[in-house]
Amino acid sequence: MNLIAGQVLRKNLRGFSWWLMVLMPLLAVAVVAGIVWYMTSTSQAARVVVVAPQPVAAALKQQRSSTQEYVPVKSEAAGRRQLSDEEADGMLVVKSTASAKLYRRDDGQSISTGEITQALAGLNTAAVAQSLGLSQAQLGRLLAAPKLATRSVAFTDSGKMTSTAGKSDAMKQGLSTAVGFLMYMFLMSYGSIIAAEIATEKGSRIEESILVAIRPQTQFYGKILGVSALLGLQVGIYAILAGAVWLLRDTIPLVKDLLASIDFSQIGWAFVLISVIFFLVGILSYTVLAAMCGSLVANQEQAGQALQPVILLAMVGYFASLMTANANGSVIGILSYVPFLSPMIMPARFGIGQAALGPALISLAISIIFLGAFTVLAERIYAGNVLTYSEGGIFKALRKSLTLLRAK
Amino acid sequence: MLELTGITKRFGQQLAVADESFTVQPGEILGLIGQNGAGKTTTFRMILGFIRPDKGDVLWDHQPIAQINRDIIGYLPEERGLYPKLTVEAQVQFFGQLHGMSKAEVNAALPDWMARFEVKGKKTDKVKDLSKGNQQKIQLICALIFQPRLLILDEPFSGLDPVNAGLLEDGIRALQASGAAIIFSSHDMSNVEALSDHLVMLKNGRTVLSGTVDEIRDSYGRTRISLERPGLDKSALKALPGVSSVAKHGDHYLLHLTDPGAGRAIFQAVSKDGYIAEFSQQAPDLDEIFRMKVGEGDA
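The listed protein sequences derive, respectively, from chains W and X. Numbers 1 to 408, taken from this note's numbering, label the letters of the first sequence in order. Numbers 1001 to 1299, taken from this note's numbering, label the letters of the second sequence in order.
These aren't lab readings, by the way, just hints derived from the structure by calculation. Fair warning: there could be bad hints in the mix.
[Unchecked claim] Some, not all, of what chain X presents toward chain W, calculated at C-beta under 7 angstroms: (1) Arg1070; (2) Ile1072; (3) Trp1113.
[As the list claims (entries may be wrong)] The calculated BS3-like cross-link candidates involving lysine-lysine, where the alpha carbons are at most 27 angstroms apart (straight line), are: (4) X:Lys1122 with X:Lys1103; (5) W:Lys11 with X:Lys1248; (6) W:Lys11 with X:Lys1238.
Every residue, glycine too, gets a C-beta built ideally from N, C-alpha and C.
With these hints in hand, go ahead and build the complete structure from the sequences.
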């Protein structure tokens, strides 16, 4: 079995298509990161000259952001000169913190008026507080934002409310969609690898030479093991790269900004674990299905036909997972327990708090038990078909196999 | 020793093999002949365990063949197939390892086998870059390199020119000398006649001939006389007692006899004027026996 697994692994590692499959997502990330980096590195902060009383001008100078900077000038005439010489993108004339006028050059960098309004509002509040004789503590109390705590809940069939792990729905829904998409991509890739591998071996008649030495069952499990090793390798490569990026996070501003925008404490370990296990069970289920379907066709030209059931099931699961957030109906709920579909739907439902941990674990258990039973059935169908060449199509071959299995 | 005892296989209503029995001893070569669809490949598939006989047993050293270590079986299928993108070395390593060899053992043996079969190409060449004939030789090496004790060759000579067919014949002989039991099928009766210690002919799944080549030929009697420039013309030859028909090919005549005993009188008649270049009284050759058997109605 190890020899067959090694053969599958080596053949794909020597080929171009597996590496392309591994590199494409990395290339896509690199291209997006490159575009973002280019845009941020080539755009300069807008320069706004400020004509204002000295304390206001000094306070505004301190309010510099990554997109806007404030430079005090002595007079409006000096400010106009800088505008005409294209040394400034705008001129802010402040009579008082409650009233100001902004002049901006048509061909200059874009200036955020919201940022200016916010800066002046802060200065105005401080000035008013001072004129009213308020202390810093009183000002702090006045400006304090109300606290809003959110809690994600789900309801059991008996109507009992349970707290789910969910805290940040938007982030989890995004992650669920990403997991669903990744799973769709992975299962299509690995499904086509194994279906094409078996169909090619059948078509080239090399199967007979191989099966002289080993049993079809051994070959079947060897191939599943080989494809699993490929999957593990691909995930491993991504994990190593992610680890390297994590270690270098402080030296890459783009990564630093991205990581700072994610609140990891909001995701929750239960969600991560459920998603990862569903991901692995899902990919394995579809790989087994594709191997079985691959054995039902006669040659490589029919490999596409072998993938049809895989594509159909995967599409149902993927689109159902996308609709999860907007569909509270029982259909999606039922589908989230159906093997082949649950790996894509249940993490999404669990992620947005539609399903609690208990139902998610039940669905996972159903998927795992089904995977075991389905693998045994697929192995028998594979053994019965791998040396049979029928031109009648995949479903006819499957029907014939099931009849033979029942007869045994 | 391989033993088939009364094996029968049906596919639906169609009888593929009926009550077939034979044995192949170590160091013996059995030729399996028959028209397309006679049941040869089905027989091979039952020996290899790809399909189960409905009746009868396939035994190796008195044990059901399904229970033995399959490393000892070498097989060259009728429809050839290799991994086109693998190198010759990787390909042979894979099959060698499948049959229990180590990579180092394969690497050590491969150059000798490539030289023996005069493969035109290097072990680092991809299989798809070799000619069809050389690909066929590589597949043969894959089936032989682990020195199988039971070797099954389905139409091994098809597609080979006479020189390469001779190399293959030498390879089979070498394996026979090492004590392997060998079965092969072929449509070329000259190969069958040259190689087989024992012969089985199938027709519509039934065994219609079984024995050594000489036994089978002798059972038909010496009813063919080949002559070169005899002293008689075609009509005179046909008028001789015991001659049923005469065929002329240039200076050669082939006489079919109703009775082998008529040969002596025919020799005296054609040599009455002295020397003739050829007089040969033989049993029908395998090619002719094959045609006769195919032409016979089912019993």
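| request: Against the structure, test the hints numbered earlier, and report the numbers of the ones violated in rising order. | output: Violated: hints 2, 3, 5 and 6.
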